[in-house]
Every structure is written in structure tokens, then in C-alpha cells.
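Asks: Here are the chains, one letter per residue:
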Amino acid sequence: MSSNQRVLMKGNEALAEAAIQAGCHHFFGYPITPQTEVAAYMAKRLPKIGGTYLQAESEVAAINMVLGAASAGIRAMTSSSSPGISLKAEGISYIAGSDLPCLIINVQRGGPGLGGIQPSQSDYWQATRAPGHGDLHALVFAPSSIQEMVDMVFDAFDLADQYRMPSMILADGMLGQMMEPVVFPEKSVNPVDKSSWALTGHQGKRAHHIVNSLYLQPDELEKNVKERFERYELIKSKEARAEEYLVEDAQLVVVAYGATSRIVRSAINTARGKGIKVGMIRPLTLWPYPSSVIAKAAETAQAFLTVEMSMGQMVDDVRLAVNGKKPVAFFGHTGGVIPTPAEVLAEIEKMTGGDR
Amino acid sequence: MVSMLLAGFGGQGVLFAGKVAAYAGLIDEKYVSWLPSYGPEMRGGTANCSVCISEEPIGSPLVLNPDVLIAMNLPSYDKFIDKVVPGGIAVIDSSLIDKKCDRTDIKTFYIPATTLADKEGLKGLANIIILGKVLAEAKFASYETVEKAILKCVPPKKQHLAQPNLKAIKLGMSL
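Protein sequence lines, in the order shown, are assigned to chains A and B. Taking UniProt numbering, I'd label the letters of the first sequence as residues 1 to 356. Taking UniProt numbering, I'd label the letters of the second sequence as residues 1 to 175.
Hints listed in this document are in silico derivations from the structure and should not be mistaken for laboratory results. All residues carry an ideal CB built from backbone N, CA and C; glycine is no exception. There's no promise every hint is true.
To be verified - SDA-like cross-link-like pairs, simulated, lysine to any residue; straight-line CA separation at most 20 Å: (1) B/Lys157 / B/Gly11; (2) B/Lys30 / A/Arg6; (3) A/Lys223 / A/Ile210; (4) B/Lys148 / A/Arg6.
Claimed, not checked - Derived DEER-like restraints, expressed as beta-carbon distance ranges: (5) B/Ser54 / A/Pro185: 15 to 25 Å; (6) B/Asp82 / A/Glu230: 51 to 61 Å; (7) B/Pro86 / A/Gly273: 18 to 28 Å.
Said to hold, decoys possible - Quick partial rundown of chain A residues pointing at chain B, CB under 10 Å, derived from the structure: (8) Val7; (9) Gly173; (10) Arg262.
Sequences are here, hints too, so could you generate the full structure?
Replies: Here it is as C-alpha cells:
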């Protein structure tokens with residue numbers, strides 16, 4: 001595909017093409033609606049460019065193949081949707097515990113259980129709090145357009161390599177299934193030197209490398225985890241990202257991410273047309289969370305409203321950032337029901353009480 | 001901004017017709033979104049897609065109240081005819097839907113697209129005939145743009161279908 005050309009592309013296919021252009025030629029997956037086109041695209045393209053497309057026997061197998069490929073120092077990824085991500089949790093934890101970079105895509109659908117197949121954002125807690133067992137984090141990116149899906153795939157791989165940890169793109173069924181124009185960036189892939197740890201074969205010329213997450217001595221394990229958390233602190237200080245939209249004079253600040261933020265933006269534009277001072281903070285990274293941006297807005301705004309396609313998960317992080325200074329309300333739908341701009345506008349009007 | 005909802009049975013090509021409209025918007029350098037229904041409803045039930053073509057960035061790509069409705073089967077007609085915004089347009093395949101709409105606040109066009117397609121040697125292109133009618137009434141793009149969009153959307157391996165698609169668009173526009 002030639003770059004710089006504006007093409008109409010489905011979100012799932014754009015994610016896959018972006019990953020290939022970002023130098024990921026090894027994909028391991030298992031089909032599940034609504035992300036199957038990621039795997040289908042990889043199946044079509046990767047064999048033609050000398051890569052590996054492998055449909056594993058299960059999600060558990062696929063994530064462990066990613067672990068293996070990442071151990072060898074190459075860019076590897078898997079993708080799934082909510083129930084499949086739960087199955088990958090063990091492998092994600094092992095990858096984090098082994099300090100390996102990789103990309104995991106979650107095109108979320110309604111849950112819990114087998115749930116439904118329509119768009120949802122109810123895996124926020126899982127992605128940001130516990131993508132696997134143990135003390136760990138993954139970098140979590142929240143695109144809201146097909147263009148951002150593409151751009152964030154590059155960033156997700158780069159930061160995963162830089163910090164030696166798993167990255168996740170937290171999308172949803174709407175973003176995965178919809179088509180929008182997209183331009184692929186002319187980016188060169190900046191390979192990170194992985195020679196100090198990657199399992200590439202030592203041919204008797206150096207000490208062998210060990211990729212491992214097992215530490216039977218408690219003090220050793222604690223030291224290992226603490227070192228990793230020092231890295232997490234650095235990431236929190238450097239990598240949290242958010243977009244601010246009309247926040248400066250806003251009495252009410254709506255916080256929303258991903259597909260929901262598009263609906264909120266429509267509602268805000270209508271509200272502004274009516275003279276209501278409302279703005280939006282849109283987290284681009286969910287871990288690290290852009291808490292300082294929200295804390296700063298808490299000094300000027302009168303109230304916050306979080307809108308999600310869940311029963312209210314990210315609202316926890318908004319409350320932590322606001323730290324009791326201002327009221328924080330929640331509005332959302334779950335199970336695959338998509339909030340409408342009119343509903344969000346009604347919430348905005350209710351909360352501002354016609355304040356102009 | 002034009003919002004369209006294209007609905008019918010799976011296999012009638014409503015997703016493809018939506019893609020042609022979206023591509024026309026892309027060629028005109030507008031903001032565009034295309035969102036399909038997905039999942040079990042596509043097999044045997046109603047398939048539909050939402051298309052937005054706009055001068056401004058598009059918020060929700062999900063069209064609940066379309067400016068333009070294409071209805072290609074009765075379940076879709078029943079489900080969506082009341083959702084069309086006042087002043088909007090509905091184009092209905094009257095060879096498959098024998099109901100008439102009593103709304104006076106929208107423009108309704110009844111096209112026997114499926115019958116016409118069979119008669120004109122354009123089997124399977126009722127979707128594009130109807131899109132031609134939508135093009136004539138809603139003017140979401142120029143004919144030249146839609147022609148380019150069709151040539152873009154017809155896959156390389158099916159290039160023999162390009163000309164029939166163009167014929168179908170012109171036929172729809174003339175109705």
C-alpha cells in the first residue's frame with residue numbers, strides 16, 4: 001500500500017495494516033467477533049511478506065506464542081475481543097513478568113461472560129487494573145477514530161519496546177467495524193537494540209540470556225517487581241496523554257474515551273450552540289492515566305461527567321484525579337447499547353441546569 | 001452533512017451500496033463514516049449500514065435518524081420508515097415491499113428495483129439502481145464522483161461488473 005494516500009478502511013483492517021507497517025510480521029490469534037478482520041487481514045498479507053500468521057488452537061495458545069516470539073526480540077502481536085482477552089490474561093501476566101514487549105488488541109464487546117457482540121467499553125478495569133494476575137501494568141491506548149488506531153499502533157509498539165512491557169489498544173466493536181478515511185504515516189520503524197536480553201542464540205560466544213517470570217525467593221521477586229514499578233513511575237510521569245476540547249472556560253467537563261468521545265463531542269458542540277459552557281477531556285492513554293490534566297481542570301470547572309459504554313469504570317479514575325474537589329457524575333449504557341448524542345446532551349443540560 | 005441508512009436482507013448489497021456512497025465522499029475530500037450492522041442478524045435477517053458524508057468531523061457514525069433511507073425489504077421498511085427525519089428522503093424497493101408510507105413530511109420514492117434489475121440484465125444490482133435514485137434526489141455527490149467510486153469499489157477480480165454497475169446507477173438516476 002502506498003503511503004500518504006487517503007484510503008477508506010475498516011478499523012480492524014487498519015489496525016492490522018498499521019502493525020505490519022510498524023514492523024510486526026508475526027501474528028498469533030484466534031477468531032472472535034467483532035475483531036476477526038484483524039486476523040483475516042494478517043492471514044492474507046503476512047505470508048506474502050515472509051511473516052508468520054498463525055491461527056492458534058485457542059487464545060491461551062496464541063498469547064503464549066506471542067511470548068515466545070517476543071522473547072526472540074521481534075515485534076509480535078495478538079488480537080481478540082473481550083472474552084478472548086480474559087483467556088489471554090495468564091499470558092499477558094507472564095509477558096509483563098518477563099519484561100517483554102508486544103501488542104495486544106482488544107476490540108471490546110459486551111460482557112460479562114460470553115456477553116454480546118456489540119460495542120462496549122466494559123473491559124476498562126481489566127485493561128487498566130488487572131490485565132493479568134500479579135503486580136503489573138500494560139500500556140493502554142484508547143483510539144477514537146480509524147486514523148488514531150493507525151497512529152497508536154506505531155506508538156504502542158515503540159513504547160512497548162522502549163519500556164519492555166506489553167501494550168494494549170483498547171478499541172471497541174464500533175471502531176473495529178466502521179470505515180473511515182485514513183492516511184498511513186510515512187514513518188520509519190526505529191528498531192530498539194534488544195541484544196542485551198533477546199533470545200537470539202549465543203553460539204557459545206556470550207553468556208546465555210534468560211527470559212523468565214519465576215522467582216521462588218520472595219526477596220528476589222519483591223526486588224524484581226519494585227524495579228519494574230520504578231519504571232512504571234517513570235512512564236506515569238512521561239507518557240500520559242489526553243486531548244482537551246473547549247475545557248478552558250468550561251463549567252462542566254465531560255470525560256470520555258474511544259468511540260464514546262465522538263458522541264460526547266457531538267453533544268458538546270450542540271450544547272455550546274445553546275451557550276452552555278461545557279468541554280471534554282479525552283484520555284488517549286488509559287494507563288498511564290492523564291490524572292494531572294483532570295486535576296488541573298478540577299481547579300476551574302464546577303463539575304465533571306463521565307460517559308462510558310459500561311456501568312461506570314473509568315469514572316473511578318476521574319474521581320481519584322478530581323480528589324473530592326468537585327462532584328463527578330456518571331452516565332452510560334452497557335451490553336452493546338450505544339449512547340446517543342441527544343441522551344448525552346440531556347445529561348449535560350441536567351447537570352448545568354441551564355447555566356450559561 | 002448527509003446521513004444515510006441502507007437496509008435490506010443480507011446478500012442484497014446494501015453494505016456495498018453504502019461503501020460506494022462513502023467512497024464518493026472520500027473522493028470529494030469530505031469526512032466520511034461507514035458503519036455496518038454485524039453479527040447473526042446479517043444471516044437471513046436484516047443487514048444495514050450507516051453512512052455519513054460531512055463537511056465537519058463526524059461524531060457518532062451510528063445513524064439513528066437518517067436524512068436518506070434505502071429500504072430493500074419489509075422488515076427494514078417497518079423498522080426504519082418512522083425514523084427518517086422530517087424533510088428526509090426514503091427510497092423503497094417496491095418490487096419487494098408492497099406497503100405505502102402515509103408520512104407527508106418526507107419524500108418517498110417507490111422503485112421496483114429488483115424487477116427492473118432482472119429485466120435490464122442487471123441481476124443483483126437493485127442496490128445500485130436505488131443508489132442512483134438517491135444520487136438524483138439527495139445529490140450527495142456528482143455522477144462523475146460516483147462513477148469513480150464504483151470503479152474503486154468493484155474489486156480487481158470482478159472488473160467485468162464495473163460497466164453493469166455504472167449502467168445501474170444511470171438507470172436509477174433516470175427513474
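Asks: For every hint, state whether the structure bears it out.
Replies: Each hint, compared with the structure:
1. B/Lys157 / B/Gly11: Holds, because 19 Å separates the two Cα atoms, which is no more than 20 Å.
2. B/Lys30 / A/Arg6: Holds, because 11 Å separates the two Cα atoms, which is no more than 20 Å.
3. A/Lys223 / A/Ile210: Holds - the C-alpha atoms of A/Ile210 and A/Lys223 are around 17 Å apart, at most 20 Å.
4. B/Lys148 / A/Arg6: holds (15 Å)
5. B/Ser54 / A/Pro185: 15 to 25 Å: Since B/Ser54 and A/Pro185 have Cβ atoms about 24 Å apart, the given range 15 to 25 Å holds.
6. B/Asp82 / A/Glu230: 51 to 61 Å: holds (60 Å)
7. B/Pro86 / A/Gly273: 18 to 28 Å: holds (20 Å)
8. Val7: holds (8 Å)
9. Gly173: Holds - the Cβ of A/Gly173 comes within 10 Å of chain B, reaching about 7 Å at its closest.
10. Arg262: This interface hint holds because 5 Å falls under the 10 Å limit.
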